[in-house]
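Respectively, the protein sequence lines represent chains C and B.
So that you can map any letter, position 156 of the first sequence is 428 in the numbering used here, and since no number is skipped, the others follow by simple counting.
So that you can map any letter, position 196 of the second sequence is 198 in the numbering used here, and since no number is skipped, the others follow by simple counting.
I should point out that these hints are in silico values taken from the structure, not numbers from a laboratory.
Fair warning: this is a prediction, and the values are worked out from it, not measured in the lab.
Honestly, I wouldn't trust all of these hints.
To give an idea of the chain B side of the interface with chain C (calculated C-beta under 10 Å), a few residues [stated by the list, open to error]:
#	residue
1	52
2	87
3	135
4	138
5	139
6	144
7	152
8	153
9	159
10	171
11	339
Once the Cα atoms are required to be at most 30 Å apart in a straight line, the calculated DSS-like pairs of lysine-lysine come out as [stated by the list, open to error]:
#	chain 1	residue 1	chain 2	residue 2
12	B	186	C	571
13	B	175	B	186
14	B	356	C	571
15	B	5	B	356
Just so you know, even glycine gets a beta-carbon here, dropped at the ideal spot from N, CA and C.
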Amino acid sequence: MENFAALIAASINSGTPLLIAALGLLINERAGVLNLGAEGMMLVAAIVGFAVAHQTHSPALGFIAGAGAGMLMATLFAALALALATNQVATGLALSIFGTGLSAFIGQSFVGQSLQGGSHGIPFLKEIPFFGTAFFDQHWAVYFSLLLCAGIIGFLYRTRYGLVLRSVGESPESAHALGYPVLRIRYFALLFSGACCGIAGAYLSIVYTPMWVEGLVAGRGWIALALTTFATWRPARVLLGALLFGSVTILQFYFQAIGIAIPSQILSMLPYAATILVLVLISRNPDWIRLNMPASLGKPFRP
Amino acid sequence: MLKLELRAGSSRAMAYLSPLLALCLTIFFGALLFLALGKNPLTGLQVFLIEPIRNTAAISELLLKTTPLVLCALGLSVCYRANVWNIGAEGQLIAGGLAAGSTIIFFDHPDPTLSGSMVLLLACLAGVIGGALWAAITALLRDRFHANEILVSLMLTYIAQLLLMYAVNGPLKDPNGMNFPQSKVFSSEYLLPHLMHGSRLHIGFIVMLCATVLMALFIYRSFAGFRLTVGGLAPLEARYAGFSSRRALWTSLLISGGFAGIAGAFEVAGPIGQVLPSISPGYGFAAIIVAFIGRLNPIGTIFGGLILSLFYLGGEMVQSRLGLPSAITGLFQGMLLFLLLACDTLINYRLRWKKS
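Can you make the complete structure from the sequences, with help from the hints?
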């Protein structure tokens, strides 16, 4: 029983960075911006956050630095994709390639270094048998991600600003005609997404591993992008998807632990194969995607 | 104030000048980077850009690395022309390399059944088929289930990398290799013949040049190539003309996968000479930049390939001479693509001074 609780805890732990990143990406996609640079943003934030946490011995500062790094990367993307209205697919790819290079460059001297994990969890609640281990013995970022999800649901569907953001993603021309600053709104959406991807990246290097290896993010930025499609651009479903992917990642360790004779490399393919499977299942009906996708996703806008 | 102003029509000259401008700007920002890292910018640039081409031996290394870059970029150019966003050339290269390596290992034993050149031919064929099959998964899932090809091809890259790891730890592992995760070293008759004595440049380079010409003929002189380009530029018009978008998807992905696959086969049977856990330092991703720098034009990819190859060698030089991380290559790659995208704005817009 206690093993099962640990399994749940591990799934939540590995789903959290996906959740935070995908929620950020959801916001910029709802504003009509397709940002394929998530992997690059997360990588740069992961190493910057790690380096700061390593030097200052303060994980909190590491998280702040990670969020800042993500926002800087998002600004770089905005300078091209918004200000110069470049092709968003190509620009996002460029951001990912640049981020991969930059993180490897900064990280060269940190390869193999590790951080000490601190104690975390909610006092008293984590003492409860089963539930305490499964749900209340987590890093604060886990609870933050749940609040973030609730906050985004409230923002998107219950506030005026949420409505404006969605309208910018559906029809920037109409929003512009009504006098809303489309590009500024898109930039703010990107900044938010950068901060989220940054926190997610920092979580990976400061809490999840906690060490630095080149390419630490290992495709999680791309999986987070797939999650937004899987969730048909709805925050509650992002939460569900992130937990699902978290458990798939943990499943491989579980199989190894109980001694199933499948080579570890094959088991490591699980999250990637699951991403493909999920994309196939969700996309097989094109009308479904068309109904839910922000109508102007990926289309540059020039006022 | 400097303002962007829409041109009456897109500028053809600017389309060709933009990569040059982007390269100059990359070099300028590169100089700033060396300065920021506390090195003399001129020394830095000299080590990064000039040292790798100082003599013929060095140039042959440059051409050696250009080969996989151009081969992958040729295929990607076809994809991007057809508006098929295949970014998984790296995975297709790995699949091709793995297939070719397995073929050679299958035939490479003390009493050979086939001649060396026959095995090499089979290995290259296996590489093409391996790469094309890997790309076919993306095509199938896109065609049948409308799954996004960007994400699928990229996920398949991670899977291919893990498959390679599995192969060198399992079925392809050298039994006499002291448990290292690598295959045995191929016997010399199963390696691609070298073009010059004392250089690693192999016959694959000539194949690459021929492939470039063939690809130019395909794109500019064949009806199939025309259909692809129209489908990418104007999907509705292509549909009206009866050009099948499904056919374009399959054609472009299979071509692209085949080219990336043979690039992998050439790496394994060429400079590497065995199957290792890593057979490409990201050639498949760098090839995306090569394709864009080459303006999706086969002849252009040769120039793009030379530049990106130079960046790879430059990174190694900078590491050994200046003690900076060789990952600087990735930084230059990213900067080049960013600046190229920025400069491409000038194709449709011009800069004007405007008094505010």
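Would you mind confirming whether the straight-line C-alpha gap from residue 356 (chain B) to residue 571 (chain C) stays at or under 30 Å? 28 Å, holds
Taking the least C-beta to C-beta distance, is residue 138 (chain B) closer than 10 Å to chain C? Given a least distance of 14 Å, the restraint on residue 138 (chain B) is violated.
With 10 Å as the cut and Cβ atoms as the points, is residue 171 (chain B) at the interface with chain C? 7 Å, holds
When the least beta-carbon distance from residue 87 (chain B) to chain C is tested against 10 Å, hint result: 6 Å, holds
Does the closest beta carbon of chain C sit nearer than 10 Å to the beta carbon of residue 159 (chain B)? 9 Å, holds
Quick check on residue 139 (chain B) please, does its C-beta sit within 10 Å of some C-beta on chain C? 8 Å, holds
Does the closest beta carbon of chain C sit nearer than 10 Å to the beta carbon of residue 144 (chain B)? Holds. Min distance 9 Å.
Let's test the interface hint: is any C-beta of chain C closer than 10 Å to that of residue 52 (chain B)? 21 Å, violated
Double-check residue 339 (chain B) for me: the hint is only fine if its C-beta lies closer than 10 Å to a C-beta in chain C. Result: holds, 4 Å to nearest chain C Cβ.
Would the hint on residue 135 (chain B) stand, with a C-beta cut-off of 10 Å toward chain C? Because about 15 Å separates residue 135 (chain B) from the closest Cβ in chain C, which is outside the 10 Å limit, the hint is violated.
Double-check residue 153 (chain B) for me: the hint is only fine if its C-beta lies closer than 10 Å to a C-beta in chain C. 5 Å, holds
For the pair supplied as a hint, residue 175 (chain B) and residue 186 (chain B), confirm whether the alpha-carbon distance does not exceed 30 Å. Holds, because 7 Å separates the two Cα atoms, which is no more than 30 Å.
Hint compliance for this structure: hints 1, 3, 4, 12 are broken, all remaining hints hold.
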